[in-house]
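**Student:** Below, each chain spelled out in residue letters.
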Amino acid sequence: MADENSLGAILRAQGVSRRGFLKFCSAMAALMALPPSMVPAIAAALDKALRPSVIWLSFQECTGCTESLTRSHTPTLEALIFDAISLDYHHTLQAASGEAAEAARAEAMKKFYGKYLLVVDGSIPTKDGGVYSTIAGMSNLDMLQEAAKGAAAIMAVGTCAAFGGIPHANPNPTGAVAVSDIIKDKPIINVSGCPPIPVVITGVLAHYLTFGTLPELDDLGRPKVFYGESIHDRCYRRPFYDQGKFAKTFDDEGARNGWCLFELGCKGPTTFNACATTKWNQGTSFPIESGHGCLGCSEPNFWDAGSFYQALSTPITPVGKAAAVAAAAGIVGGAAIAMHNRHVKGAAKSEHQTVTVKDLEK
Amino acid sequence: MTASLERGLNAFREVMDAPIASFFNSCVHCGLCADACLFHTETGDPKYTPIHKLEPLRKLWKREYTLLGKLTSLLGLGATISDEELEEWSPLVYDSCTLCGRCTLMCPVGNDITYMIRKMREGMAASGHAPAGLIDATRRSIELGSPMGIKPKTFMARVHEQQEETGIEIPVDKAGADYMAIMSSMEIMGYPEYLGSLARIFKQAGISWTVSSEAFEATNSGIQIGVSDLAREIVMRIVTVSEKLGVKYVISPECGHAFTALRWDGPNLIGRPYKFEVVHILELLDQLLKDGRLKTEGKTAESLTLHDPCQIVRRGGIVAEPRNLINMVASDFREMEDAGVYNWCCGGGGGVSAITRAEELRFTVFKIKKRQIENTGAGTMITACANCRNVLEEGLEHYNMDTKMIGITELVAEYLKKDEP
Ligand code: SF4
Ligand code: SF4
Ligand code: SF4
Ligand code: SF4
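Going line by line, the protein sequences match chains A and B.
For the first sequence, numbering that gives the first Met the number 0 begins at 0 and goes up steadily by one.
For the second sequence, numbering that gives the first Met the number 0 begins at 0 and goes up steadily by one.
One chain only, chain A, in its complex shape (with noise of 0.2 Å):
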């Protein structure tokens, strides 16, 4: 029996029926690129999963991870997620303010000693003491040292907290490093992007509720599953590339029979991230299918590599250990979707009988 106040009671409790709730288990299954026959499990492990203390300190940043996180979703089951672990402290979603706020996490990292999540947006400065950035008259530097003390595991949301972000930019002013330059005696999860793409936030933590371990991670400390293949393995644009069909200005031939983006500074084929896949906006598009190349945000020093539109020298990624990693994984890849897209297409075409007249009736 499940207890009353494990996440699926909860979820049932506000209406979500029990196939909506496989629903989400599937997609997330897939999304963690997790053969079907796991949905079960991810589902009788979450629907156990008891609401987990989440600590979420924002420090030098720009708010917009979270925005990530909160801007895409009406009322969705990962929002209800949401309202399902504990969040006990987020500057910027919390009701409570000033003294009763800070108490608050207080109390949580007191009573959860040991067991809390403690989820990190926003760069720590360093320098001059930490002073360019405090809260309630501590410093970033010192807050992160004091909740990282009890916290079971962190997860660093964004590029900024994952790799010092634009404040670690050159000539970095503030002296602003990554948590995982100040923290080294907790398991940390870097969940990069400028923002992340808000499903990849809330997937990593279904993982953590499913297997109460961290998903596998990359040596950027990052999980395998959302950025082990890069935006061009994946992008819709690829066989243009490998045919060498390039656009050469945004607003040429090339360009309007959606040609690669590569020559005018696409980082796609450096930048390791689920854009091509999961794509932003509820699934609606990402930048490259709207027209402009990847900026490569989810990867360390993205802005310090030169204009955005200054094309990368040669690819990095040898095509065939990516579509080897792909095939292994189980992974449909975005070519095999195609692939399979036009097979689809190809057979009904083939499939194809001749309407005449006398078939417009049953």
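Just so you know, not all the hints are guaranteed correct.
Unchecked claim - Listed below are the simulated SDA-like cross-link pairs for lysine to any residue, each with C-alpha atoms no more than 20 Å apart in a straight line: (1) A:361 x B:86; (2) A:344 x B:79; (3) A:247 x A:262; (4) B:61 x A:235; (5) B:416 x B:243; (6) A:348 x B:14; (7) A:278 x B:243; (8) A:357 x B:148; (9) B:243 x B:177; (10) A:361 x B:1; (11) A:278 x B:14; (12) A:344 x B:67; (13) A:344 x B:70; (14) A:278 x B:62; (15) A:357 x B:135; (16) A:22 x B:65; (17) A:348 x B:3; (18) A:148 x A:179; (19) A:348 x B:18; (20) A:22 x B:78; (21) B:173 x B:68; (22) B:247 x B:235; (23) A:344 x B:4; (24) A:344 x B:21; (25) A:344 x B:57; (26) B:69 x A:343; (27) A:348 x B:17; (28) A:278 x B:66; (29) A:357 x B:8; (30) B:58 x A:47; (31) B:61 x A:280; (32) A:348 x B:6; (33) A:22 x B:62; (34) A:344 x B:65.
FYI, nobody ran anything at the bench for these hints, they're computed from the structure.
Following the hints, put chain B with the ligands in place on chain A, whose structure we already have.
**Tutor:** For chain B with the ligands alone, coordinates are given in the frame of chain A:
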């Protein structure tokens, strides 16, 4: 007798091209298309929201063409499409869409909803969910050569009649003529004076032209019902004859959907360019006017307004031409609100006028036209499409309005300079 759900779904898959996939992908659910569509504005019923009319097709796209959809359907969670659902959608895809293109124009992300509805009809027709009226019209087109069942004999009788009426010879099947004129069945049956007007204008302008005793019908029911195989056959009749006669131009009649079918869809249907050019009669008249070959005298003092046929103006780009022609012969021309590319449909295009069960709905949505006409206070309405004209006349009668109607070509012919050699 052989229509089936499977054939319909297969047709859905066949039409699922890159534009359609990206349109579904880019819809931001803003609902702006709802207020663009007369079926929604005049009934207030949200089911007439243009993008909603495509729901079954969207479902199939989601299910079979997106990663998430494929995974969920693998798990048996995705939505399936049933015969009942298609039956329910039939009035949305046919009766309540005139393919007028207003929604397409309004969509902020540029989704060509009209194109999608036209394509969706392929699956609806193949699954046996096309309305009876349209099926009958299509059958007559294929078996008799015209949706209204007009046979060559009838057409030739019209030709002789107009020859006598005007005292001008109308060349038939003349090889090597520059222009070949075709007509829509509505014109042949209801407004044959169009042909006589052509004879008079072309005589004055000294144009070498002909009509064909075989390929005279311009209306393409195959496009309206949504069966490309039949649409191709119908277009091919005109193509074969014009290329056999070796004409340089085929003149599309005023009829808007005939123009769309011949000018835009035709070459795509047959898979190659024509060996002739298609010109709309209004484009030709305007050109003659500019070249000084079309001369009129006098102007009517009657207050006139113009109904812009969707396919000619919005989908066809012929906006200035009718106005140039009208201003040449009218002194009191009053534009309607939203005139030009934003104009509202008559309510009967896209095959809707052939759907018997849609009659009441047609009168309901005519209210927008009624308001537009009344606001101008004009006594006569001009239009450039025989189908619009017929639908408008029915609407005027239904609402007891005494607005008179006339076609542009006839209007111009009435004021032709008499004593031109
Ligand atoms: S360079 Fe950019 S636009 Fe071109 S294929 Fe790669 S990701 Fe797509
Ligand atoms: S497309 Fe590139 S720059 Fe844009 S959000 Fe995705 S990773 Fe960042
Ligand atoms: S084409 Fe015209 S009638 Fe059809 S849905 Fe769009 S606005 Fe409505
Ligand atoms: S106007 Fe365009 S974007 Fe808006 S709901 Fe209609 S189809 Fe979608």
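**Student:** Give a verdict on every hint.
**Tutor:** Evaluation of the provided hints:
1. Of the supplied pair hints, the one linking residue 361 of chain A and residue 86 of chain B holds, its CA atoms being roughly 12 Å apart against a limit of 20 Å.
2. Restraint check for residue 344 of chain A and residue 79 of chain B: the C-alpha separation of about 18 Å stays at or below 20 Å, so the hint holds.
3. Only pairs whose Cα atoms come within 20 Å are accepted, and residue 247 of chain A paired with residue 262 of chain A is accepted, the gap being roughly 6 Å.
4. Taken as a hint, the residue 61 of chain B and residue 235 of chain A pair is honoured in the structure, with Cα atoms around 17 Å apart against an allowance of 20 Å.
5. For the suggested pair residue 416 of chain B and residue 243 of chain B, the alpha carbons sit about 35 Å apart, so the restraint of at most 20 Å is broken.
6. Of the pairs offered as hints, the one joining residue 348 of chain A and residue 14 of chain B holds, with about 9 Å between alpha carbons and a cut-off of 20 Å not exceeded.
7. For the suggested pair residue 278 of chain A and residue 243 of chain B, the alpha carbons sit about 53 Å apart, so the restraint of at most 20 Å is broken.
8. Restraint check for residue 357 of chain A and residue 148 of chain B: the C-alpha separation of about 17 Å stays at or below 20 Å, so the hint holds.
9. With a C-alpha separation of about 13 Å, the suggested pairing of residue 243 of chain B with residue 177 of chain B holds against the 20 Å cut-off.
10. About 5 Å separates the Cα atoms of residue 361 of chain A and residue 1 of chain B, which keeps this hinted pair within 20 Å; it holds.
11. With a C-alpha separation of about 24 Å, the suggested pairing of residue 278 of chain A with residue 14 of chain B is violated against the 20 Å cut-off.
12. Under the criterion of a C-alpha separation no larger than 20 Å, the hint pairing residue 344 of chain A with residue 67 of chain B is consistent with the structure, at around 18 Å.
13. At most 20 Å may separate the alpha-carbon atoms for a hinted pair to count; residue 344 of chain A and residue 70 of chain B meet this at roughly 18 Å.
14. The suggested pairing of residue 278 of chain A with residue 62 of chain B holds, with an alpha-carbon distance near 17 Å, which does not exceed 20 Å.
15. The suggested pairing of residue 357 of chain A with residue 135 of chain B holds, with an alpha-carbon distance near 11 Å, which does not exceed 20 Å.
16. The suggested pairing of residue 22 of chain A with residue 65 of chain B holds, with an alpha-carbon distance near 15 Å, which does not exceed 20 Å.
17. For the hint pairing residue 348 of chain A with residue 3 of chain B, the CA-to-CA distance comes to about 16 Å; that is within 20 Å, so the pair holds.
18. Among the hinted pairs, residue 148 of chain A with residue 179 of chain A is consistent with the structure: their alpha-carbon atoms are about 14 Å apart, no more than 20 Å.
19. Restraint check: the Cα-Cα separation between residue 348 of chain A and residue 18 of chain B comes to about 17 Å, which is no more than 20 Å; the hinted pair holds.
20. For the proposed pair residue 22 of chain A and residue 78 of chain B, the alpha carbon gap of about 12 Å is at most 20 Å, so the pair holds.
21. For the hint pairing residue 173 of chain B with residue 68 of chain B, the CA-to-CA distance comes to about 58 Å; that exceeds 20 Å, so the pair is violated.
22. For a cut-off of 20 Å, the pair hint linking residue 247 of chain B to residue 235 of chain B stands: about 16 Å separates their Cα positions.
23. Between residue 344 of chain A and residue 4 of chain B, the direct Cα distance comes to roughly 17 Å. Compliance with the 20 Å bound is thereby established for this hinted pair.
24. Between residue 344 of chain A and residue 21 of chain B, the direct Cα distance comes to roughly 15 Å. Compliance with the 20 Å bound is thereby established for this hinted pair.
25. Restraint check for residue 344 of chain A and residue 57 of chain B: the C-alpha separation of about 15 Å stays at or below 20 Å, so the hint holds.
26. Distance hint between residue 69 of chain B and residue 343 of chain A is fulfilled; the C-alpha atoms sit about 12 Å from each other, no more than 20 Å.
27. For the given pair, residue 348 of chain A sits about 15 Å from residue 17 of chain B by alpha-carbon distance, which is consistent with the 20 Å threshold.
28. For the hint pairing residue 278 of chain A with residue 66 of chain B, the CA-to-CA distance comes to about 12 Å; that is within 20 Å, so the pair holds.
29. Distance hint between residue 357 of chain A and residue 8 of chain B is fulfilled; the C-alpha atoms sit about 18 Å from each other, no more than 20 Å.
30. Under the criterion of a C-alpha separation no larger than 20 Å, the hint pairing residue 58 of chain B with residue 47 of chain A is inconsistent with the structure, at around 33 Å.
31. Distance restraint check for residue 61 of chain B and residue 280 of chain A: the Cα-Cα separation of roughly 16 Å lies within the 20 Å cut-off, and the hinted pair is therefore satisfied.
32. Between the alpha carbons of residue 348 of chain A and residue 6 of chain B the distance comes to roughly 11 Å, so the proposed pair stays at or under 20 Å and holds.
33. For the proposed pair residue 22 of chain A and residue 62 of chain B, the alpha carbon gap of about 13 Å is at most 20 Å, so the pair holds.
34. Using a Cα cut-off of 20 Å, the hinted pair residue 344 of chain A and residue 65 of chain B holds, with the two alpha carbons roughly 13 Å apart.
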